[in-house]
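J.: As they're listed, the protein sequences go chains V and G. Under UniProt numbering, the first residue of the first sequence carries the number 1, and numbering increases by one thereafter. Under UniProt numbering, the first residue of the second sequence carries the number 1, and numbering increases by one thereafter.
Careful: at least some of the hints might be erroneous.
What the hints assert, rightly or not - Pairs of lysine-lysine residues, derived as DSS-like cross-links and limited to a Cα-Cα distance of at most 25 Å, are as follows:
| # | chain 1 | residue 1 | chain 2 | residue 2 |
| --- | --- | --- | --- | --- |
| 1 | G | Lys214 | G | Lys203 |
| 2 | V | Lys58 | V | Lys46 |
| 3 | V | Lys203 | G | Lys58 |
| 4 | V | Lys214 | V | Lys203 |
| 5 | G | Lys203 | V | Lys46 |
| 6 | V | Lys58 | G | Lys203 |
| 7 | V | Lys88 | V | Lys203 |
| 8 | G | Lys214 | G | Lys88 |
| 9 | G | Lys58 | G | Lys46 |
Claimed, not checked - What the simulated footprint calls covered on chain V by chain G, stretch by stretch (three residues with Cβ under 8 Å from a Cβ of chain G suffice, anywhere in the stretch; the number is not a length):
| # | segment |
| --- | --- |
| 10 | 234 to 242 |
| 11 | 247 to 260 |
To be clear, the hints were calculated from the coordinates, so they are not data collected in a lab. Every residue gets a Cβ at the ideal spot worked out from N, C-alpha and C, and that includes glycine.
Protein chains: 2
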Amino acid sequence: MSNVLIVHAHSEAQSLTSSLKNLAVETLTAQGHQVEVSDLYAMHWKAVADAADFPTRKNADRLHYASESGNAFATGTQPADVVAEQQKLLWADAVILTFPLWWYSAPAILKGWVERVYALGFAYGVGQHGGERWGDRFGEGTLAGRRAMVVVNIGGREPHYSERGVNGRLDEILWPIQHGQLFYPGMAVMEPFPVYQSDRMSKERWLEVAAAFKVRMENLFTDTPIPYRTQNGGHYDGQQVLKPGLGGDETGVRIHLVQPGDPNEDLGASQTDTAEVASYI
Amino acid sequence: MSNVLIVHAHSEAQSLTSSLKNLAVETLTAQGHQVEVSDLYAMHWKAVADAADFPTRKNADRLHYASESGNAFATGTQPADVVAEQQKLLWADAVILTFPLWWYSAPAILKGWVERVYALGFAYGVGQHGGERWGDRFGEGTLAGRRAMVVVNIGGREPHYSERGVNGRLDEILWPIQHGQLFYPGMAVMEPFPVYQSDRMSKERWLEVAAAFKVRMENLFTDTPIPYRTQNGGHYDGQQVLKPGLGGDETGVRIHLVQPGDPNEDLGASQTDTAEVASYI
Numbered sequence: 001m002s003n004v005l006i007v008h009a010h011s012e013a014q015s016l017t018s019s020l021k022n023l024a025v026e027t028l029t030a031q032g033h034q035v036e037v038s039d040l041y042a043m044h045w046k047a048v049a050d051a052a053d054f055p056t057r058k059n060a061d062r063l064h065y066a067s068e069s070g071n072a073f074a075t076g077t078q079p080a081d082v083v084a085e086q087q088k089l090l091w092a093d094a095v096i097l098t099f100p101l102w103w104y105s106a107p108a109i110l111k112g113w114v115e116r117v118y119a120l121g122f123a124y125g126v127g128q129h130g131g132e133r134w135g136d137r138f139g140e141g142t143l144a145g146r147r148a149m150v151v152v153n154i155g156g157r158e159p160h161y162s163e164r165g166v167n168g169r170l171d172e173i174l175w176p177i178q179h180g181q182l183f184y185p186g187m188a189v190m191e192p193f194p195v196y197q198s199d200r201m202s203k204e205r206w207l208e209v210a211a212a213f214k215v216r217m218e219n220l221f222t223d224t225p226i227p228y229r230t231q232n233g234g235h236y237d238g239q240q241v242l243k244p245g246l247g248g249d250e251t252g253v254r255i256h257l258v259q260p261g262d263p264n265e266d267l268g269a270s271q272t273d274t275a276e277v278a279s280y281i
Numbered sequence: 001m002s003n004v005l006i007v008h009a010h011s012e013a014q015s016l017t018s019s020l021k022n023l024a025v026e027t028l029t030a031q032g033h034q035v036e037v038s039d040l041y042a043m044h045w046k047a048v049a050d051a052a053d054f055p056t057r058k059n060a061d062r063l064h065y066a067s068e069s070g071n072a073f074a075t076g077t078q079p080a081d082v083v084a085e086q087q088k089l090l091w092a093d094a095v096i097l098t099f100p101l102w103w104y105s106a107p108a109i110l111k112g113w114v115e116r117v118y119a120l121g122f123a124y125g126v127g128q129h130g131g132e133r134w135g136d137r138f139g140e141g142t143l144a145g146r147r148a149m150v151v152v153n154i155g156g157r158e159p160h161y162s163e164r165g166v167n168g169r170l171d172e173i174l175w176p177i178q179h180g181q182l183f184y185p186g187m188a189v190m191e192p193f194p195v196y197q198s199d200r201m202s203k204e205r206w207l208e209v210a211a212a213f214k215v216r217m218e219n220l221f222t223d224t225p226i227p228y229r230t231q232n233g234g235h236y237d238g239q240q241v242l243k244p245g246l247g248g249d250e251t252g253v254r255i256h257l258v259q260p261g262d263p264n265e266d267l268g269a270s271q272t273d274t275a276e277v278a279s280y281i
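For reference, chain V alone in the conformation it holds in the complex (with noise of 0.2 Å):
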C-alpha cells in the first residue's frame, strides 16, 4: 500500500472540485492507501512569496527569493508551512492536484504552493549542474519515484480545448504545470482528469464521471505516465535542445514526447564523477 497527497485548490465543500477530492479519498483510502490532504483554501496558505518567508535572511539588502530559499533549506530556517509541505511530498508516492481551471491555469493559492514549497535544493538545484550537465530535472530530482497527477475542472466545453480549439490543447495549457512543476522535480506524470463544463452537472452526469474518476483513481499505480522523455536520457544535447531525428511526427510540446522507434533513453548516459556544482545563488 502507498501513500497519497492530495493538494487541493478549491474553497467550496459543495463544488465539483471537492467532490473529486472526496472521492479520491474515498476510493484510495478503500484500497488500503493512506491518504494526506493539503487543502490549501482550509489551511489559509500563504500563497505569495515575499520577504516574510526568510526571517533570517542571507543578504538582508535585496531579496532574492531562490537564493535565500536555498540558504533557508541549507539551514533549516525555512517557515514551518513550507517544511510540512515538503515533508508531505517525500512521504507521497503520489501527489495529486484537484484544482479548477481559471484563466488557462491553477489558482493563485495553488501557484504559491508551487513558488514556496519548491525550495532551491529541494525541487531545483539539484544534482550536478556545469558543462552540459543542467542537473537532476525533469524525470529526475528529490521527488523521482513518484506519480502526478492533474484533476481539474474546466468550464468550456471539450471541443475548445481540443487539437484545433480556440483556447490551444489542454496538454499544451497544462504543460507549465504537468511538465515544468510535476516533472521538473522527478515525478512521473499521469494522464491528466478534466471535466468540462463543470458548472452544468447534471446528476446523471456526476455518476458517469465519479466512475470514470474511481477508476482512475484505483489504478494511480499501475496506469502508464505521460511519456516524457527525461532531460538527461539521452535525447537533448548539450544545449537542452532536442536531437535532430526526434519528435518528427509530433507537434508543438508533444515533441518532448517519446515515441515509438526512439532510442531508449539512458539516465547513466550523461553523468559524470565531476563533484562540481555550480550555484542558481
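The hints should help you fit chain G onto chain V, whose structure is shown.
T.: Only chain G this time, still in chain V's reference frame:
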C-alpha cells in the same frame, strides 16, 4: 499621447524586473504618455480569490466565485481594490505585465490579480452567448482596442526555451497568459520581451538589454501585435474549432496565428441581432 498601466510583480526594488519596470516608466513618460504602476507587492495585493471578496453574497450557502463576481460587478459591490484595477484597465491604452517567470508561469500574486480583477461581466461573460456564438472574447470584449505586453525575466538560458528546447518554446509557455488572459478580454498582444539568464546580468549586458527594451517601449503603439486569430472572425467553426485548411504550416499553438494567405477575418460575420445572452452563472 496615451495611457499605460504597468502591472508589476516583483518585491525587490533592486531586481532586474524592477529595473525594467522603472525603465518602462521613464521611457514612456519621456514620450509624453501617462503611466500608472500597479506594484502588486508594494500594494500588498490580496492574491487569493475567496469568500472575503463578497461580503454581500448572492448565494450565502455555496460559494461560486464566478457567479458572485458577476453579481458584485453588476450590483456595484465589488471590493475597492478590484474596482480600482478595473478602472485602471479601462483608462489604459496599453497594459504591460512585468514579472519573473517562476515555475513556467507568472508569480501567484499576479495570477491572483487576474483572478480577482477579471470579474464575470467585465473580462468574461461579455457579449452574446447562445447558439454558436460564445461571447466577445479572444480579440473582442471589454478591453478591445488596448495593447498588452509581457516583460518577463527568466533564469534559464535561451536555447532551453527555443523551438526544440527542453522547457518548451517560450510562446507555448506564455500561451495561457498571452492568449488566455490578455487576448481573451480583447487586448492586442505584442511580442513579449524576455530576458534570459536574468540572474547573471553583467553591466555590459544590462546596457544592451536596456537599449533593446527602450526601443520596444518607444514602439509600443506602432509595433505589430501577435496575429492571434479572433474567435468570431470566421476562422473557427461553431464548436470553436479551427476550420479545415487553416493553420496547416504551423505546429502547436501557432496554428492560432493568422498566416499569410488565410482569408481575412470579419468580426461582423458572426454577429446576429439576437439579444440572448446566456448566463455563465
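J.: Hint numbers the structure violates, sorted upward?
T.: Violated: hints 5, 7.
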